[in-house]
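Colleague: Quick mapping for you: the protein sequence lines, in order, are chains A and B.
So in the working numbering the end of the first sequence lands on 186, straight run, no missing numbers.
So in the working numbering the end of the second sequence lands on 360, straight run, no missing numbers.
Wrong hints could be hidden among the right ones.
[As the list claims (entries may be wrong)] With a cut-off of at most 25 angstroms between alpha-carbon atoms, the simulated PhoX-like pairs for lysine-lysine come out as follows:
{"id": "1", "chain 1": "B", "residue 1": "Lys85", "chain 2": "B", "residue 2": "Lys73"}
{"id": "2", "chain 1": "A", "residue 1": "Lys27", "chain 2": "B", "residue 2": "Lys73"}
{"id": "3", "chain 1": "B", "residue 1": "Lys89", "chain 2": "B", "residue 2": "Lys100"}
{"id": "4", "chain 1": "A", "residue 1": "Lys94", "chain 2": "A", "residue 2": "Lys173"}
{"id": "5", "chain 1": "B", "residue 1": "Lys73", "chain 2": "A", "residue 2": "Lys30"}
{"id": "6", "chain 1": "A", "residue 1": "Lys75", "chain 2": "A", "residue 2": "Lys91"}
The set of hints was computed from the structure by calculation and includes no laboratory data.
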Amino acid sequence: MNYFTAIFQTISTLITGMSVTFKHMLKIRKGNVTLQYPVERWPRPERDIGFSSDSYNVIRSRLTVDMDDCIGCLKCERACPVDCIKIETHKVEKGEDIVEANHTGVTSNGTTKRLLLTRFDIDMSECCYCNLCTYPCPEECIFMVGGPNSTRHEIDYEFSEYDRNDMIYRFSKVPPDILQSYAEKK
Amino acid sequence: MVDFYINLFSSIELIKSYQSSIFIISVLLAGIPIFGFMAVNALVAVYVERKVSAFMQDRLGPMGHGVGLHAGKWGVLQTLADAIKLLTKEDIIPESADKKLFLLAPCIIFIGSFVAFAGFPFNEFLIAADFNLGLFYILAMSSVGVIGIILAGYSSNNKWSLYGSMRSAAQIVSYEIPAALSLLPIVMLSGSLAFKDIVLAQTGSTLGILPNWFIFNNPFMIIAFWLFFIAGVAEVNRTPFDLPEAESELVAGWMTEYSGMRWAFFFLAEYANMFIVAGVATIGFLGGWLSPIPGYFDGSIWGVFWLVSKTSFLIFVMMWFRWTFPRLRTDQLMRMCWKFFLPGSFFVIIGVGLWDLIMR
Chain A
1 MNYFTAIFQT
11 ISTLITGMSV
21 TFKHMLKIRK
31 GNVTLQYPVE
41 RWPRPERDIG
51 FSSDSYNVIR
61 SRLTVDMDDC
71 IGCLKCERAC
81 PVDCIKIETH
91 KVEKGEDIVE
101 ANHTGVTSNG
111 TTKRLLLTRF
121 DIDMSECCYC
131 NLCTYPCPEE
141 CIFMVGGPNS
151 TRHEIDYEFS
161 EYDRNDMIYR
171 FSKVPPDILQ
181 SYAEKK
Chain B
1 MVDFYINLFS
11 SIELIKSYQS
21 SIFIISVLLA
31 GIPIFGFMAV
41 NALVAVYVER
51 KVSAFMQDRL
61 GPMGHGVGLH
71 AGKWGVLQTL
81 ADAIKLLTKE
91 DIIPESADKK
101 LFLLAPCIIF
111 IGSFVAFAGF
121 PFNEFLIAAD
131 FNLGLFYILA
141 MSSVGVIGII
151 LAGYSSNNKW
161 SLYGSMRSAA
171 QIVSYEIPAA
181 LSLLPIVMLS
191 GSLAFKDIVL
201 AQTGSTLGIL
211 PNWFIFNNPF
221 MIIAFWLFFI
231 AGVAEVNRTP
241 FDLPEAESEL
251 VAGWMTEYSG
261 MRWAFFFLAE
271 YANMFIVAGV
281 ATIGFLGGWL
291 SPIPGYFDGS
301 IWGVFWLVSK
311 TSFLIFVMMW
321 FRWTFPRLRT
331 DQLMRMCWKF
341 FLPGSFFVII
351 GVGLWDLIMR
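Bound-form chain B, shown alone (with noise of 0.2 angstroms):
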């Protein structure tokens, strides 16, 4: 998009030549539908989830019933309400905080999953900043929020938060490497990093009915698929492995000193990095913008919406886990990661590798 805008301003003769505010004007022009994207995603994630956790637990969740001030049919304007009652909280720094460090916290947190979608694709024109690094690019950006956590658990000046924030290093820094070494099939297989030609090397139909994604390429890409996304889920935080907040033991970790708006933006990044983790499931696995029929519904327009309700699906895949699973503990958070999702990622890349050369 930000190449599109740069062409299309540059062939304007009247303002040609202020090639740097053209860079910056096409930046935003990018960047705000981004904004807007980020949040409208969680606004709806929240209240899915909200209603996913109800249903699941035999409640009904938001609901909209009776006399007076309500949330409209069946809730729907709970998160909006949630969102306004956010903007308009009293914002809390605390007393003996690193004050300027507890600001910057949720600026990297949020700068780290806004970033990280600049480089997602929604069909194959529909990309913010279009590179041929973006598998590599997501997996770099999508760990600097990292960097905002510890940040905001050493500013708080608080226990809770601390513990935290550790805890959320230990596990990001464990949980990039079987991500990432998940993904190597993937990049074995079409050869290359961008995103747009890792979803056209999936064109097309496998052994009759099946669309030719990669999940259904081999029986290992399976086992990567679901290492990934397990692994995935460990990296946004998201319960069974949400130590780092953990309720009911550390208050809300990291984000204990955040109130109002700062809280908010940590609320805006967990969910768009749940959308993400997910997408980059979707692109890698299950075909992005294809139409799971091959050679029907593909298009711009349905490619967008292939690839929304795809990725939609996964995270609700992630809500069910989220409130059917405990969460772990520590050591049996790092057994898992370096006992058994390592070697499953190696064990998969060599029989991606062995497969592809004997198949093909």
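Next comes chain A alone, as it looks inside the complex (with noise of 0.2 angstroms):
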């Protein structure tokens, strides 16, 4: 009678594994396990660097750079080892300021500039987070945000855009008419 035991036992074991998957299919609501990305994100990790989570980031960092200190000596520029830091400069008038452009004279630590940066530009999708570029900075411009050091934010640990283009941190305050009239100088 095995042939018979055999269409027994086939019939109740499908039977069996199909109670199982509609029982998933019922407890949809409870069991589900995506997260719709953009709408709902994953919970912060716990992990124990010797601060607490509830005051400080823990997960990422990023570059930031305070326009009003730089000088455009290319020390960062060279540091990169990715080479995702694009800096041009143009000569201006020893400490002027020129406000049209956003461009201060004088550094906060007293230094006189002598070029306006038409451009400062960091491809984020590139950057390494290596810190090496905040070394060789003169006037401490260059520097990591988020992580321990900074105030904390909620969301903004991915740090991910919808445009790949979005990625590029453009730093130079120089407004596109000035800059254009810049270059036809030049």
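Since each chain sits alone in its own frame, please combine them into the complex, following the hints.
Modeller: Take a look at the structure:
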């Protein structure tokens, strides 16, 4: 009677399997594992780094430049191992404020600036977060924000953008029409 | 419907004399709604299939949350977007393919399921071509598609395609037999091959409360229903019998080389075949367009509603099968057909015959 027991076993095991999938289908509201990413986000991982994660950002940092202090020495551009910093400068009158180009003549350390920064781009999609650009900076104007050194931000740990070009952070504050006139002078 | 249109146009004095053009126009008028129904059926069924599969695997399936372009609430526009994508995709024909057969194969597969729909009744009157061999006709036409599958596999000049189409030929030819044999009890009980007579033989109620459907007629009919339904699932190449496509072994089987519009035709035909198999099971065993509460909610519109909802339930069961069971091996498939389904269907025929002889 091996033939009939095989039929019976087949049918009973098939019914068991189907009941399992049907139960999962009915409990989808409770058992769902998908997160609707841009709307829902993963909870922040809890990790002991010596700080309390309630008041510090524990995950990622990113580069920021204080353009009022930058003198355009290109040391950070040379230090970058992946060449993700692009700087273009233009020679201007020493120590002069150019209001329409958001240019200040003297840094907060008292150094007079000789160069107007017409371009200061950091491509964060290439950045490897090595921090090597921050050490040579004589004015200490390029630095990492986020992490334990800055105030806590709620969701901005993934730094994701909808467009790839938005990953290039443009720090130069020269308006485009002024930039055009400087390009013509060259 | 074709007869209705021919009578309608023939009664108009002005165009009475153009008999041949009247015929062509009538056929077109009956055929275009079928095409529309097939397209809508595929759109809805693909969406439901993705949702059902997702829910069974604890996922959400297509969803439309977020900023920017998205697929509507709960992703309802997802299949529409997919259809537009398929229509605008590049149509690639492999260099070493047999070009004429390669172009012909999707047409044959599509025509196979389209022509089968012509004999499929949605209620007592809503049928494109009403004739007294409906059941036999649909059984014959639903296996025309295998020619297209073999052609697609052969003409692609690709080992995956050829393997897939060879498997498909073996599978469909084998499973035609239990499918047809397990429909014989219906013909024995109703004494007709026409869908109308088969459904009308199931009116009334049995045992007081149950509707007088053939599946409740006697215990053997329950076996016959499942034999036909599983053989039908095998015939439309769905998991667990999807050896011809077998994406984990054969890339996509006989569809490997197809893309864009031609691939969309395969998909349309697959979901139309699902509807036909589920529909034949509904008409033969589950009372067709009759309401589940005998004597209530019967009528033309209710008839379409009951038929489509019963058929949709069977299609859901097919999806349930697909997302539960693993694929069979070729020898297991053949063994199941010839050693279990064929004796089973003979057993059912004899059993139903004896039951009918003794109980009536």
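Colleague: Between the alpha carbons of B/Lys89 and B/Lys100, is the straight-line distance 25 angstroms or under?
Modeller: 20 angstroms, holds
Colleague: For A/Lys75 and A/Lys91, compute the direct alpha-carbon distance and say whether it is at most 25 angstroms.
Modeller: Holds, at roughly 17 angstroms.
Colleague: Holds or violated: B/Lys85 with B/Lys73, Cα cutoff 25 angstroms?
Modeller: 20 angstroms, holds
Colleague: Quick one, are B/Lys73 and A/Lys30 close enough, alpha carbons at most 25 angstroms?
Modeller: 20 angstroms, holds
Colleague: Would the pair A/Lys27 and B/Lys73 pass a check requiring their Cα atoms to be no farther apart than 25 angstroms?
Modeller: Holds - the C-alpha atoms of B/Lys73 and A/Lys27 are around 20 angstroms apart, at most 25 angstroms.
Colleague: Run the distance test for A/Lys94 versus A/Lys173: straight-line Cα separation, threshold 25 angstroms.
Modeller: 19 angstroms, holds
In summary, this structure violates none of the numbered hints.
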